[in-house]
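Visitor: Protein chains in written order, with the numbering used here: chain S, 1 to 429; chain B, 430 to 739.
Hints listed in this document are in silico derivations from the structure and should not be mistaken for laboratory results.
Hints are supplied without guarantee of correctness; some may be wrong.
[Unchecked claim] Using C-beta positions, here's what the derived DEER-type ranges look like:
id : chain 1 : residue 1 : chain 2 : residue 2 : range
1  : B       : Pro619    : S       : Glu183    : 18 to 24 Å
2  : S       : Gly188    : B       : Pro619    : 15 to 21 Å
3  : B       : Pro483    : S       : Asp391    : 37 to 43 Å
4  : S       : Ala159    : B       : Leu654    : 46 to 52 Å
5  : B       : Pro483    : S       : Ala247    : 53 to 59 Å
[As the list claims (entries may be wrong)] Some but not every residue of chain B turned toward chain S, in silico, with C-beta under 8 Å:
id : residue
6  : Ala519
7  : Phe539
8  : Gly541
9  : Leu545
[Unchecked claim] Heads up, simulated EDC-like pairs for lysine to aspartate or glutamate below, C-alpha to C-alpha not over 16 Å straight-line:
id : chain 1 : residue 1 : chain 2 : residue 2
10 : B       : Lys586    : B       : Glu612
11 : S       : Lys5      : S       : Asp425
12 : S       : Lys315    : B       : Glu548
13 : S       : Lys315    : B       : Asp520
14 : S       : Lys5      : S       : Asp25
15 : B       : Lys538    : S       : Glu320
16 : S       : Lys315    : B       : Glu516
17 : S       : Lys420    : S       : Glu34
18 : S       : Lys5      : S       : Glu31
19 : S       : Lys420    : S       : Asp25
20 : B       : Lys683    : B       : Asp643
21 : B       : Lys586    : B       : Glu684
Glycine residues also receive a C-beta, built at the ideal position from the N, C-alpha and C atoms.
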Amino acid sequence: MTLLKGAHLHDPQVAIDDVADIRIDGERIVEVGEDLVACDGEESIDCTGCDLVPGLVDMHVHFRDPGYEYKETIETGCRAATKGGFTDVATMPNTDPVCDTGTGVRYQIDRSKAAGLARVHPIGALTRGEKGEALAEIGDMVMEGAAAFSDDGHGVQSAGMMRCCMDYVSQFDRVAIAHCEDESITAGGLVNEGTCSTRLGMFGWPAAGEELEVSRDIDLVRLTGCALHVAHISTERSLDLVRSAKAEGLPVTCEVTPLHLFLTEDDITDTYDTNLKVNPPLRTPHDAAALREGVCDGSIDCIVTDHAPHAAHEKDCEFEIASFGSIGLETSLGLMLTNLVLPGKLSWDQLVSLMCVSPRRLLRMQPVTLAVGSSADLTVIDPSIGYVVSDGLFESRSHNSAFLGTHLTGAARDVFVAGKRTLMDGVVA
Amino acid sequence: MLSVRNLIDTTSLTADDITQILDTAQSFAEVNSRAIKKVPALRGRTIVNLFLEPSTRTRSSFELAEKRLSADSLNMSGSTSSVVKGESLADTIQTIAAMNVDMFVCRAKFAGTPHLITENTDARVINAGDGKHQHPTQALLDLYTIRENFGHLDGLKVAIVGDLLHSRVVGSLAPALRTMGAEVTLVGPPTFQVMDPAWFGCEQTADFDSVIPDVDVIYMLRVQLERMEGAAIPSRREYNRLFGLDTVRASHMKEGAIVCHPGPMNRGMEIMPEVADAPYAKILDQVSAGVAVRMAAMYLLLGGEDNDLA
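My request is simple: use the sequences and hints to build the entire structure.
Guide: Pasting the structure below:
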């Protein structure tokens with residue numbers, strides 16, 4: 001048994017917002033109350049000054065395993081997730097081979113169990129090989145444990161194919177996750193089309209390249225009834241489209257990354273920092289402000305990292321040939337705390353909804369709460385710790401962070417997965 | 430001394446920098462008119478011409494400039510460098526830099542490559558054109574040519590016409606003209622227009638004919654057919670009809686106005702032969718100015734005041 005003493009508990013699901021103690025026995029929470037006294041032989045952990053929330057979930061990461069293990073493996077990805085405070089992550093299927101069969105799903109689940117840290121919930125491909133041409137074995141993947149379906153990394157270019165995918169997914173209790181990118185418009189685009197592309201002399205990736213597919217896929221929700229989750233939205237217009245769909249009562253949700261909340265195209269300077277080359281690209285300050293507003297007013301459902309590890313040689317090169325993506329698991333919580341929660345712009349309850357409750361609901365996972373009987377999936381956060389994002393922070397095999405050099409306040413101190421302590425005082429077990 | 434260590438873009442140059450380069454180029458232009466076109470200004474210096482993208486005129490211009498400054502040159506192209514064998518550019522630059530070279534002159538397919546080179550060497554770097562980003566020595570030779578014609582740059586009105594989107598000339602010339610007090614109008618079909626002309630401090634229009642009578646310089650851009658991905662214009666014929674500079678359009682030019690072009694020209698497309706060869710066309714003057722301007726840039730970046738110019 002383990003007793004966590006003196007943390008401030010935050011869980012809107014069970015209306016807890018107070019300092020209290022939590023007792024864990026085995027995999028479950030067995031007692032929540034004030035001034036609980038440690039039993040003989042029980043480990044007591046002082047959490048005074050800390051905040052405690054249900055375990056964090058990131059429903060959009062890339063672990064590169066199988067196929068690109070030199071960038072990240074399931075084990076190193078799980079270490080990064082644990083370091084960042086996460087108990088669960090959902091992996092996108094653009095591995096090599098693409099995760100488009102039950103075997104691929106099973107491989108990832110087995111590997112993550114062997115790692116024994118954060119749980120991995122594979123997201124299967126919508127189409128075979130993510131080629132957008134033929135349905136993947138979605139039913140087979142559901143039976144092996146796929147949490148959702150997406151061709152992330154590519155928009156499904158044909159509206160007819162996307163309609164087919166959504167029709168098919170709708171027979172299962174799963175969400176279709178859309179990477180919205182009309183490649184006929186974004187082809188060759190490297191940065192946001194506008195001032196940034198003009199200034200740096202590079203082809204632009206216009207906002208419309210995303211918004212057209214967001215609009216199209218929302219129309220397809222009306223046609224198919226399939227639940228749609230829009231991945232990594234980056235523009236104000238995309239957010240407005242999702243807002244309208246929600247107001248209409250459609251099963252449409254969306255997510256945003258800290259990259260698109262806290263960085264803009266203006267951060268890409270004449271140094272051509274390739275860590276800022278991401279897909280979708282960093283947008284305007286106006287877009288970022290609108291997205292932050294969407295997070296705070298509840299229009300955006302989840303915070304995800306789109307953790308995209310790349311080896312040094314894939315980033316230490318010309319911007320135009322550098323790979324798209326930034327890692328994010330180890331910085332996501334700190335960025336949210338530093339920029340939104342600690343300044344009082346976002347409540348702890350909202351943070352819990354964005355990083356714990358909604359992603360579990362969308363991935364069809366069992367809810368986790370801070371109530372007696374719940375699985376002991378917990379994240380203890382030290383909101384006072386200050387640090388600079390640097391190579392030494394990362395458990396990820398790759399260090400391509402867009403936030404290198406950023407000063408952050410607040411980080412995960414301890415993580416429990418089904419009662420097992422996977423992060424101890426900031427050190428991965 | 431220039432305020433910059435390397436010549437990567439014109440947006441980093443002050444008006445004083447530009448004036449200093451143009452004034453120095455005037456001295457070198459005199460050298461280039463001598464029977465013996467050589468000075469010892471950069472004797473003992475080693476300059477690497479790293480041309481990762483094909484180029485004839487820019488490369489020749491730099492090589493001549495180096496020879497006339499008595500520098501030692503090493504020529505590398507994309508096909509002869511290790512980049513094509515899979516070595517990263519950073520590794521290539523560090524390897525060459527380890528041989529104690531003084532300067533890299535780099536032409537690159539990708540925007541930002543010259544900056545990447547500066548991060549991997551202490552040698553000075555001149556951008557000889559990076560993607561559709563910048564081509565600063567082209568802009569400087571254009572300024573030189575225009576100044577030679579008008580005696581000043583301040584207050585001039587310049588139209589840059591044509592394939593704006595794919596042009597590194599726009600990225601470097603427009604800001605440099607603005608820095609020197611000139612007004613710039615960008616002209617081209619919407620499919621060739623830049624996304625944010627305000628960033629260059631320019632107006633942008635598709636109405637070529639309305640601009641012609643108002644400007645002192647018409648700067649015709651080459652339509653970069655090799656850079657076009659997809660059909661941005663219906664045909665060469667229609668482009669020529671709407672945006673080609675022919676004698677009829679040229680007849681509406683202000684008295685004393687000149688025509689420039691960075692070359693190579695698509696005769697019959699953006700410019701008609703009769704215009705290209707007319708006295709008001711300063712295209713060959715630009716080429717001549719290129720050698721002197723590049724001599725000046727290399728001389729000043731390598732600490733020219735310590736050397737003997739003559």
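Visitor: Given the hint that Lys315/S pairs with Glu548/B, does the C-alpha gap stay at or below 16 Å?
Guide: holds, 14 Å
Visitor: How does the Cβ-Cβ distance of Pro483/B and Asp391/S compare with 37 to 43 Å: does it lie in that range?
Guide: Roughly 39 Å apart at Cβ, these two residues keep to the hinted range, so it holds.
Visitor: Sort out whether Glu34/S lies within 16 Å of Lys420/S, counting only the CA atoms.
Guide: Violated, at roughly 23 Å.
Visitor: Verify the interface restraint on Gly541/B: the C-beta must sit less than 8 Å from at least one C-beta of chain S.
Guide: holds, 3 Å
Visitor: Going by Cβ atoms only, is Leu545/B closer than 8 Å to chain S?
Guide: holds, 6 Å
Visitor: Take the C-alpha atoms of Lys5/S and Glu31/S, compute the straight-line distance between them, and say whether it is at most 16 Å.
Guide: Holds, at about 12 Å.
Visitor: Take the C-beta atom of Pro619/B and the C-beta atom of Glu183/S, compute their distance, and say whether it sits inside 18 to 24 Å.
Guide: Between Pro619/B and Glu183/S, where Cβ atoms are some 22 Å apart, the hint holds.
Visitor: Has the hinted range 46 to 52 Å been met by the Cβ atoms of Ala159/S and Leu654/B?
Guide: Roughly 33 Å apart at Cβ, these two residues miss the hinted range, so it is violated.
Visitor: With the threshold set at 16 Å, check whether the alpha-carbon distance from Lys538/B to Glu320/S stays at or below it.
Guide: holds, 9 Å
Visitor: CA of Lys683/B to CA of Asp643/B, is that 16 Å or under?
Guide: holds, 7 Å
Visitor: Given the hint that Lys586/B pairs with Glu684/B, does the C-alpha gap stay at or below 16 Å?
Guide: holds, 13 Å
Visitor: Given a cut of 8 Å on the nearest C-beta pair, is the interface hint for Phe539/B held or broken against chain S?
Guide: holds, 4 Å
Taken one by one, the earlier hints fail for this structure at numbers 4, 17, listed in ascending order.
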